[in-house]
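Going down the list, the sequences are from chains W and X. UniProt numbering puts the last residue of the first sequence at 388; the count rises by one with no breaks. UniProt numbering puts the last residue of the second sequence at 180; the count rises by one with no breaks.
Check the hints yourself; a few may be wrong.
Stated by the list, open to error - Between beta-carbon pairs, the in silico distance windows are: (1) W:E34 to X:Y18: 47 to 53 Å; (2) X:Y18 to W:E230: 54 to 60 Å; (3) W:R331 to X:A110: 57 to 63 Å.
Claimed, not checked - Not close to chain W: a few residues of chain X, all C-beta gaps over 12 Å, as computed: (4) I8; (5) R25; (6) A57; (7) V59; (8) R76; (9) E79; (10) E81; (11) E84; (12) V106.
To be clear, the hints were calculated from the coordinates, so they are not data collected in a lab. Note that the structure is predicted; figures quoted are calculated from it, not measured. The beta-carbon is built from N, C-alpha and C at its ideal position, and this holds for glycine as well.
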Amino acid sequence: MRIGIVCPYSWDVPGGVQFHIRDLAAYFIRLGHEVSVLAPADDDTPLPPYVVSAGRAVPVPYNGSVARLNFGFLSAARVRRWLHDGRFDVIHIHEPTSPSLGLLACWAAQGPIVATFHTSNPRSRAMIAAYSILQAALEKISARIAVSEYARRTLVEHLGGDAVVIPNGVDVDFFADAEPRPEWQGDTIGFIGRIDEPRKGLPVLMRALPKILAARPQTRLLIAGRGDEEAAVESLPEEMRSRVEFLGMVSDEDKARFLRSLDLYIAPNTGGESFGIILVEAMSAGAPVLASDLDAFAQVLDRGEAGELFANEDADALAEAAVRLLADPARRAELRERGSAHVRRFDWSTVGADILSVYETVTAGAAAVAATDERGPGLRARLGLARD
Amino acid sequence: MTSTLIWILVALVAFGLYLSWTAGRLDRLHTRIDAARAALDAQLLRRASVAQELATAGVLDPAASIVLYEAAHAARQAEEEQREVAESELSQALRAVFAEPQQMEVVHEAPGGEAATHELTEAVRRVPMARRFHNDAVGAARRLREHRKVRWFRLAGHAPFPMAFEMDDEPPVALADRVA
Numbered sequence: 001m002r003i004g005i006v007c008p009y010s011w012d013v014p015g016g017v018q019f020h021i022r023d024l025a026a027y028f029i030r031l032g033h034e035v036s037v038l039a040p041a042d043d044d045t046p047l048p049p050y051v052v053s054a055g056r057a058v059p060v061p062y063n064g065s066v067a068r069l070n071f072g073f074l075s076a077a078r079v080r081r082w083l084h085d086g087r088f089d090v091i092h093i094h095e096p097t098s099p100s101l102g103l104l105a106c107w108a109a110q111g112p113i114v115a116t117f118h119t120s121n122p123r124s125r126a127m128i129a130a131y132s133i134l135q136a137a138l139e140k141i142s143a144r145i146a147v148s149e150y151a152r153r154t155l156v157e158h159l160g161g162d163a164v165v166i167p168n169g170v171d172v173d174f175f176a177d178a179e180p181r182p183e184w185q186g187d188t189i190g191f192i193g194r195i196d197e198p199r200k201g202l203p204v205l206m207r208a209l210p211k212i213l214a215a216r217p218q219t220r221l222l223i224a225g226r227g228d229e230e231a232a233v234e235s236l237p238e239e240m241r242s243r244v245e246f247l248g249m250v251s252d253e254d255k256a257r258f259l260r261s262l263d264l265y266i267a268p269n270t271g272g273e274s275f276g277i278i279l280v281e282a283m284s285a286g287a288p289v290l291a292s293d294l295d296a297f298a299q300v301l302d303r304g305e306a307g308e309l310f311a312n313e314d315a316d317a318l319a320e321a322a323v324r325l326l327a328d329p330a331r332r333a334e335l336r337e338r339g340s341a342h343v344r345r346f347d348w349s350t351v352g353a354d355i356l357s358v359y360e361t362v363t364a365g366a367a368a369v370a371a372t373d374e375r376g377p378g379l380r381a382r383l384g385l386a387r388d
Numbered sequence: 001m002t003s004t005l006i007w008i009l010v011a012l013v014a015f016g017l018y019l020s021w022t023a024g025r026l027d028r029l030h031t032r033i034d035a036a037r038a039a040l041d042a043q044l045l046r047r048a049s050v051a052q053e054l055a056t057a058g059v060l061d062p063a064a065s066i067v068l069y070e071a072a073h074a075a076r077q078a079e080e081e082q083r084e085v086a087e088s089e090l091s092q093a094l095r096a097v098f099a100e101p102q103q104m105e106v107v108h109e110a111p112g113g114e115a116a117t118h119e120l121t122e123a124v125r126r127v128p129m130a131r132r133f134h135n136d137a138v139g140a141a142r143r144l145r146e147h148r149k150v151r152w153f154r155l156a157g158h159a160p161f162p163m164a165f166e167m168d169d170e171p172p173v174a175l176a177d178r179v180a
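Produce the complete structure using the sequences and hints provided.
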């Protein structure tokens, strides 16, 4: 099958959607499908052979933060060219509502289109204003995928229609087979994420830490992620700061080894999560998970069966649960076991097969993808102006 | 005087173009519904065929075989109006027969059972998928067709008002080791 995948975010900036697309493309290529990924990228970034650059993304203020987006005449032309050259059986657009490549591809393409909705952002004002334009583009999508039941609900509420739920994939064995590192073992709790992004919840964990250390002084908190380390420990009493270690950005291999080494992984995120891939990675590595009870997290953790949940933003509840778990090796062993069994459904072998099922369902009996001006009755034909 | 006429003409042409664009949108949606319906039919037929094969293969006990055969046969033969009911009954029969994981293991161990299990798992997974995609397209078309401009100017032409396909497509527990 010839598969075209559209990535809305810069290939050179690491992010969940980019990793998802990279792994998905690798999975399809292993199965012998032809894959081309269209993604924004600087012209001098080295790209894997299956990625086609759609030009540099322009930083513009959008939806309360600065987003790097692709739009305008040049990008639209590149999208058209890619569609034309690719002769795809199906195209898979990620995040079609962001005003970037996804939306452009939706406009320009005709034929079987699959779209994955990753975020579950509340409806923005721009989206309400552009609703009818958006609707006309989104109508072309033959199959919608939401990454979680929560993301699906938001999608149904905001845009109408329906979607199937296929979670994000994880290479479970990569994490399960990683070698633990002794210096990260022994009464360690871990956190991965941007340090200075409050929604990742590090401040909540910092508020809980004194209580955890009071009950178990030998505990160490290991933090992997970018950000201002000084500011992060500012709220802690001086004598406790030595119990916090910053590892900075870690490679994929180190991330797996890190998660393998921990006694407890803590995800104190306060919002803005539609899936929670990090929890799946932690469970794959066999780390017991303690997470805030966001809708998306509760679903990934099987309503608390595969990992423990605490009341969102409640530092006391977090401290209480962490102390209880650290003191109870039997419970942690149980969580490890349940987590490892539960994550199998998130493995690429399952997730990839499901996505392929979607492709096969929509391509059955449909013509291949084309750019809009190549096929079908255009405006001229409809007005009776076309000459045959 | 002439300039007023020209403006009226421009407005009319613009409105005409808008209607033409809307008609194009609607046409595309109807095409999408047709494709989705064809895909749904294919998946339903596939599911009924696998169920019928399993029922006649002699790997299930006689009572289960008869229940499954009956439901699969009815689903394949159903008239358009009874289709939703017949397919729902096949879902119920599948759930009843494959309620226990042991039943699945029995099938799995029979000669050729692995392929049959795989096909059945795929089929019960794809029917809800195809149905969701179909009903999503139907919903989009209905929303557009209920709009004034479409009704007043009869942009939908003679295309029948699209109907959703409603059925019980809950897969058997033993076969649905997936999220949602």
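Hints and how they fare:
1. Remark: the range hint 47 to 53 Å for E34 (chain W) to Y18 (chain X) is contradicted by a beta-carbon distance near 39 Å.
2. In this structure the supplied range 54 to 60 Å holds for Y18 (chain X) paired with E230 (chain W), their Cβ-Cβ distance being about 59 Å.
3. Here the CB-CB span from R331 (chain W) to A110 (chain X) is close to 41 Å, at odds with the stated 57 to 63 Å.
4. For I8 (chain X), the non-interface assignment is confirmed: its Cβ lies about 19 Å from the closest Cβ of chain W, beyond the 12 Å cut-off.
5. In this structure R25 (chain X) is not separated from chain W by more than 12 Å, as the shortest Cβ-Cβ distance comes to only about 6 Å.
6. No beta-carbon of chain W is positioned within 12 Å of the beta-carbon of A57 (chain X); the least distance is around 24 Å.
7. With a minimum CB-CB distance of about 25 Å to chain W, V59 (chain X) clears the 12 Å threshold, and the non-interface call stands.
8. Distance check on R76 (chain X): its Cβ is at least 18 Å (rounded) from any Cβ of chain W, clearing the 12 Å threshold; non-interface status holds.
9. Annotated as non-interface, E79 (chain X) keeps its C-beta farther than 12 Å from every C-beta of chain W; the closest such distance is 22 Å.
10. Annotated as non-interface, E81 (chain X) keeps its C-beta farther than 12 Å from every C-beta of chain W; the closest such distance is 23 Å.
11. Residue placement check: E84 (chain X) keeps its beta carbon more than 12 Å from all beta carbons of chain W (closest about 17 Å).
12. Every CB of chain W lies more than 12 Å from the CB of V106 (chain X), the least distance being 23 Å, so the non-interface label holds.
Figure legend: structure checked against the earlier numbered hints; hints not met, in rising order: 1, 3, 5.
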